[in-house]
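**Q** So the chains spell out like this:
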Amino acid sequence: MSNNNNLTCLRGDILDHAVFLEQSDFQRICQISEKFLLELIEEGVIEPEPNQDSNYFSGVHIQRVRKAYRLNCDLGVNLPGIALILELLEKIDHLEKHY
Amino acid sequence: MQYKDYYEIMGLEKTATDEEIKRAYRKLARKYHPDVSKSEDAEERFKEVGEAYEVLKDKEKRAAYDQLGSQWQAGESFTPPPDWEQYYQQHGAGQAGGSYSGFENVSGEDFSDFFSSIFGQGGFRGNPHQKSYQQSTGNVRGEDVHAKVEIDVEDAYRGSERTLTFSLAEPSAEGGLVKKQKTLNVKIPKGVKEGQHIRLAKQGGTGFGNGVNGDLFLEIVFKPHKIYQLAGKDLVVKLPLAPWEAALGCKVEVPTPSGSLALTIPANSKSGQKLRLKGKGIPAKIPGDLFALIDIVNPPVESENDRKAYQKLADSFNFQPRAYFRENAHV
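Protein chains in written order, with this note's numbering: chain A, 1 to 99; chain B, 1 to 331.
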């Protein structure tokens, strides 16, 4: 392995709400198929950013989509189940913040 | 390397049926799924259960595992029998490969050393939605690398640096794939939030032909903090107060990741009230806030003197803490 001290320090981009990703890019980052993405949109789990010709997604949705993917993959939860779980998890987070 | 008792992990007897194994797995997977569970070791337990299920659900793997014998104890130092590889290859069972999405660590390895020593490496598991190198000729984009980076709350205030090492499937000179280690120094900018992804463009796997390099994606995960609780870009800190501090008002020092602050507690403060320290949350263009959550704690009575002090309080107040019972209970 190379000497760590010789490495320059790399700076990345935070993929937050201000970053809009094209659909293909978004899918690649979330590691999901187009089919799964379209199902998530149909179920109202995420929404594309309103944009003129192409579908764009905010970077802030990545976490939500990854969670949905893992719930589907690991526990076999279906789309309505995923939507419900995500809502309940958010509710729990909210309650814990305001206990 | 430590021996793993897959039956014990699943809470099963060695005689468990396939049905029982499946049921135990489903139950434990739900319990320890890191997206659902709040327990700190959820991810570790989830992986362990996934690995145990990977072996026990598969007739051949289970038979091979049982063949190791029952003299092993969980956690005991383990070396596979000398003729193991031969035995295992003769008795079938192909490649290991998890069916679950995996919460890979930086090295990208899903299974324990114990698992790998018995069943071999899981092989390269790149992005399932990307064409594999072998199937294509010409230019192929390099492998994306996804990793989690654990940081402290303080890192989000100051920014920090991390040295990451991960293994990658890189195209070799012969046109095949070789596993290579890559080490990078990465800046974690200040202002990051839980679950955010950082993209380091082209820092993933090398492209094939004229294909561009893959990207490196880092997911930010905060280590649990003893004092601060994160809520997006806000921070909550529990503020214990003595009853007289809350009643009379006082000035207390509150720790924040950017240094202590003096906070004025107004008289007659109540448990559960939150005092906002504007802009003292995670830094950003519009920074988060820090909330001090008042928690009144009673000093315990430990001497006759203490008892007298409380008694004096009781005598001097005509306080009805449960007045609303009387007002609202219709008998």
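Just so you know, these hints were derived from the structure itself, not from any lab.
Keep in mind that a hint or two might mislead.
Here are the simulated lysine-lysine pairs, DSS-like style, with alpha carbons at most 27 Å apart [stated by the list, open to error]: (1) B:Lys226 with A:Lys67; (2) A:Lys67 with B:Lys233; (3) B:Lys187 with B:Lys238; (4) B:Lys233 with A:Lys91; (5) B:Lys187 with A:Lys91; (6) A:Lys91 with B:Lys27; (7) A:Lys67 with B:Lys278; (8) A:Lys91 with B:Lys31; (9) A:Lys91 with B:Lys59; (10) A:Lys91 with B:Lys22; (11) A:Lys67 with B:Lys59; (12) A:Lys35 with B:Lys148; (13) A:Lys67 with B:Lys187; (14) B:Lys59 with B:Lys27; (15) B:Lys270 with A:Lys67; (16) B:Lys14 with B:Lys31; (17) B:Lys22 with A:Lys67; (18) A:Lys91 with B:Lys14; (19) A:Lys67 with B:Lys223; (20) B:Lys31 with B:Lys193; (21) B:Lys148 with A:Lys91; (22) B:Lys193 with B:Lys278.
**Q** State for each hint whether it applies.
**A** Now for the hints, and whether the structure bears them out:
Restraint check: the Cα-Cα separation between B:Lys226 and A:Lys67 comes to about 26 Å, which is no more than 27 Å; the hinted pair holds. At most 27 Å may separate the alpha-carbon atoms for a hinted pair to count; A:Lys67 and B:Lys233 meet this at roughly 20 Å. Proposed proximity of B:Lys187 and B:Lys238 is contradicted: the alpha carbons are some 31 Å apart, above 27 Å. Note on B:Lys233 and A:Lys91: the hinted pairing holds, with a Cα-Cα distance of about 17 Å set against a maximum of 27 Å.
At roughly 33 Å between alpha-carbon atoms, B:Lys187 and A:Lys91 are farther apart than 27 Å, so this suggested pair is violated. Under the criterion of a C-alpha separation no larger than 27 Å, the hint pairing A:Lys91 with B:Lys27 is consistent with the structure, at around 23 Å. A hinted pair counts as satisfied when its Cα atoms are at most 27 Å apart, and A:Lys67 with B:Lys278 does not qualify at roughly 31 Å. Straight-line distance between C-alpha atoms of A:Lys91 and B:Lys31 comes to about 18 Å, which keeps the hinted pair within the 27 Å bound.
A hinted pair counts as satisfied when its Cα atoms are at most 27 Å apart, and A:Lys91 with B:Lys59 does not qualify at roughly 42 Å. Between A:Lys91 and B:Lys22 the alpha-carbon distance is near 30 Å, which puts this suggested pair outside the 27 Å criterion. Straight-line distance between C-alpha atoms of A:Lys67 and B:Lys59 comes to about 31 Å, which puts the hinted pair past the 27 Å bound. Taking the CA atoms of A:Lys35 and B:Lys148, the gap is about 26 Å. The hint holds against a cut of 27 Å.
The hinted pair formed by A:Lys67 and B:Lys187 meets the criterion: a straight-line CA distance of about 25 Å does not exceed 27 Å. For the suggested pair B:Lys59 and B:Lys27, the alpha carbons sit about 21 Å apart, so the restraint of at most 27 Å is met. The hinted pair formed by B:Lys270 and A:Lys67 fails the criterion: a straight-line CA distance of about 38 Å is larger than 27 Å. Simply put, B:Lys14 and B:Lys31 have alpha-carbon atoms about 22 Å apart, close enough for the 27 Å limit, and the pair holds.
A distance of roughly 23 Å separates the Cα atoms of B:Lys22 and A:Lys67; the hinted pair therefore holds under the 27 Å criterion. Restraint check: the Cα-Cα separation between A:Lys91 and B:Lys14 comes to about 40 Å, which exceeds 27 Å; the hinted pair is violated. For the hint linking A:Lys67 to B:Lys223, the alpha-carbon distance of about 19 Å falls within 27 Å, and the restraint holds. Annotation: proposed proximity of B:Lys31 to B:Lys193 holds, straight-line Cα distance about 26 Å (limit 27 Å).
The hinted pair formed by B:Lys148 and A:Lys91 meets the criterion: a straight-line CA distance of about 25 Å does not exceed 27 Å. Simply put, B:Lys193 and B:Lys278 have alpha-carbon atoms about 18 Å apart, close enough for the 27 Å limit, and the pair holds.
Violation of the numbered hints given earlier is confined to hints 3, 5, 7, 9, 10, 11, 15 and 18; the remaining hints are satisfied by the structure.
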